[in-house]
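With the hints as your guide, set chain B onto chain A.
Chains as they are written, first to last, in numbering that gives the first Met the number 0: chain A, 0 to 221; chain B, 0 to 200.
Any given hint could be a false lead.
To be verified - Which chain A residues stay away from chain B? Per the calculated CB distances, all over 10 Å, these: (1) ILE23; (2) PHE27; (3) VAL31; (4) PRO36; (5) ALA153; (6) VAL184; (7) PRO189.
As the list claims (entries may be wrong) - Here are the in silico distance ranges between beta carbons for each label pair: (8) B:GLY129 with A:MET0: 26 to 36 Å; (9) A:ARG217 with B:SER5: 21 to 31 Å; (10) B:GLY62 with A:VAL163: 44 to 54 Å; (11) A:LEU26 with B:HIS55: 49 to 59 Å.
FYI, nobody ran anything at the bench for these hints, they're computed from the structure. Even for Gly, the Cβ is constructed at its ideal location relative to N, Cα and C.
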Amino acid sequence: MTPLAALLVRDMRIAVRVGGGALIGVLFFLLVVTLVPLAIGPDLALLKRIGPAILWLAALLSSLLALDRLFAMDHEDGSLDLILMSRGPLELVVLTKGVAHWLTTGLPLIICSPLLGLLLNLDGPAEAALVLTLLAGTPALTLIGLIGAAISVALRRGSLLLAVVVLPLTVPTLIFGIAAANAAVAGPVPFGTPFTILCALTLVSLVVGPFAAAAVLRQEME
Amino acid sequence: MRLTASDLACRRGGRQVFSGVSFFVASGELLTISGRNGAGKSSLLRVVVGLVRLAHGSLAVEGGDPELTIGEQAHYLGHQDALKPSLSVGENLHFWSRFLGAGPVGLAEPLAAVGLEALADLPAAYLSAGQRRRLSIARLLAVKRPIWLLDEPTSTLDAAAQQGLTELMRTHLAAGGLILAASHGSIGLDGARELQLGDTP
Numbered sequence: 000m001t002p003l004a005a006l007l008v009r010d011m012r013i014a015v016r017v018g019g020g021a022l023i024g025v026l027f028f029l030l031v032v033t034l035v036p037l038a039i040g041p042d043l044a045l046l047k048r049i050g051p052a053i054l055w056l057a058a059l060l061s062s063l064l065a066l067d068r069l070f071a072m073d074h075e076d077g078s079l080d081l082i083l084m085s086r087g088p089l090e091l092v093v094l095t096k097g098v099a100h101w102l103t104t105g106l107p108l109i110i111c112s113p114l115l116g117l118l119l120n121l122d123g124p125a126e127a128a129l130v131l132t133l134l135a136g137t138p139a140l141t142l143i144g145l146i147g148a149a150i151s152v153a154l155r156r157g158s159l160l161l162a163v164v165v166l167p168l169t170v171p172t173l174i175f176g177i178a179a180a181n182a183a184v185a186g187p188v189p190f191g192t193p194f195t196i197l198c199a200l201t202l203v204s205l206v207v208g209p210f211a212a213a214a215v216l217r218q219e220m221e
Numbered sequence: 000m001r002l003t004a005s006d007l008a009c010r011r012g013g014r015q016v017f018s019g020v021s022f023f024v025a026s027g028e029l030l031t032i033s034g035r036n037g038a039g040k041s042s043l044l045r046v047v048v049g050l051v052r053l054a055h056g057s058l059a060v061e062g063g064d065p066e067l068t069i070g071e072q073a074h075y076l077g078h079q080d081a082l083k084p085s086l087s088v089g090e091n092l093h094f095w096s097r098f099l100g101a102g103p104v105g106l107a108e109p110l111a112a113v114g115l116e117a118l119a120d121l122p123a124a125y126l127s128a129g130q131r132r133r134l135s136i137a138r139l140l141a142v143k144r145p146i147w148l149l150d151e152p153t154s155t156l157d158a159a160a161q162q163g164l165t166e167l168m169r170t171h172l173a174a175g176g177l178i179l180a181a182s183h184g185s186i187g188l189d190g191a192r193e194l195q196l197g198d199t200p
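Isolated chain A (complex conformation) (with noise of 0.2 Å):
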């Protein structure tokens, strides 16, 4: 087993045993789209126009809930002296703890979202549209905090700090996110337009997310 196979089975077995994030995000996001309709009341018409936004919305708070403890923990515990201590790109490093934060946070959100979609009055072409924008869009969500949670690693109550500094940064995937969901439904704009510059804000955010983040660890261990 190579070194980053090995980060990468540790992390998810660590989140999806009892106090780890996997269950708390998916939790997260069912409490949160479970309680729009009854906030917002039985308009069905409504209810399917912001559908798709507030599956989006609901996706990236709870890919937010798990990421600040995503160096912090390593670094309390003294594991992340040992990974910096490690023969190997520390870049590599951290794209491996962001892949397994996305196979356990974002992708369990992924497919509970059809589910969800019908809370929402959402159909059937709306919902396989939302579900390849969340497929699409969710890793730059993941990748984009890695660089929010290097920055918070040595503060304890870091989570304010990390959605200030992440947050910001997610809104061109969450526009684009939303406006290729609606796009396959109503609208002059074909599927394809906002959906492949959502794909190429993911992989822009799989170069700089974890470049961005292995320089911040880098400078704070000091």
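Coordinates of chain B only, in the frame set by chain A:
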């Protein structure tokens, strides 16, 4: 193999922790770092590993892998144990041995050497402080690296475990490794040189 440090200085939090520190350690040698609390023993070890920036001075290692930094050829046993509470003893050790590049080595031997083989499936959350320390020491045995940097290694260990650690250190030195250990008391190995921190300006 030889680790040489010349005129090291370190600043943390705006304070000069130590300056003008020079030493060398060769294969088969143990250098004990002593000094009062706050003299900078832990900081010195972290500087050697590369976790803290050097304010002044230089570090060099001869005879090791020229492609690797000191930290990449060393084991660091700090105050914290780097254990995940939700993983079992065996899973923790398995992760570190794979992550630090050990290759397909069995874990039974390192666990037996520190006396934890019976607890291999116990979640690490249930270990006592001494057992956690011993599991960290097992990490040093599972992955072979020539340089050991130990920060107060005997701090939570009982007398039997301290004896065990001394034996493991003796074996490591006999195999050509070198050890830099920060300690209040004596480690129990003869022939160890001592570096006193805190009496240099």
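Taking the hints in turn, this is what the structure says about them:
With a cut of 10 Å on Cβ distances, A:ILE23 stays outside the contact zone with chain B, its closest approach being about 14 Å. For A:PHE27, the requirement that its beta carbon stay farther than 10 Å from each beta carbon of chain B is met, with the minimum near 20 Å. A cut-off of 10 Å between C-beta atoms confirms that A:VAL31 is not in contact with chain B; the least separation is 26 Å. Look at A:PRO36: its CB is around 35 Å from the nearest CB on chain B, clear of 10 Å, so calling it non-interface holds up.
A:ALA153, annotated as away from the interface, keeps every beta carbon of chain B farther than 10 Å; the closest lies near 13 Å. Distance to chain B confirms A:VAL184 as a non-interface residue, since its nearest Cβ pair spans about 42 Å, more than 10 Å. Chain B leaves A:PRO189 outside its interface by the beta-carbon criterion, the shortest separation being 46 Å against a cut-off of 10 Å. Between B:GLY129 and A:MET0 the Cβ separation comes to about 30 Å, which falls inside the hinted range of 26 to 36 Å.
With their beta carbons about 24 Å apart, A:ARG217 and B:SER5 fall inside the hinted range of 21 to 31 Å. Against the hinted window of 44 to 54 Å, the Cβ-Cβ separation of B:GLY62 and A:VAL163 comes to about 49 Å, which satisfies the hint. Under the hint 49 to 59 Å, the C-beta atoms of A:LEU26 and B:HIS55, about 52 Å apart, fit the expected range.
Of the numbered hints given earlier, the model fails none.
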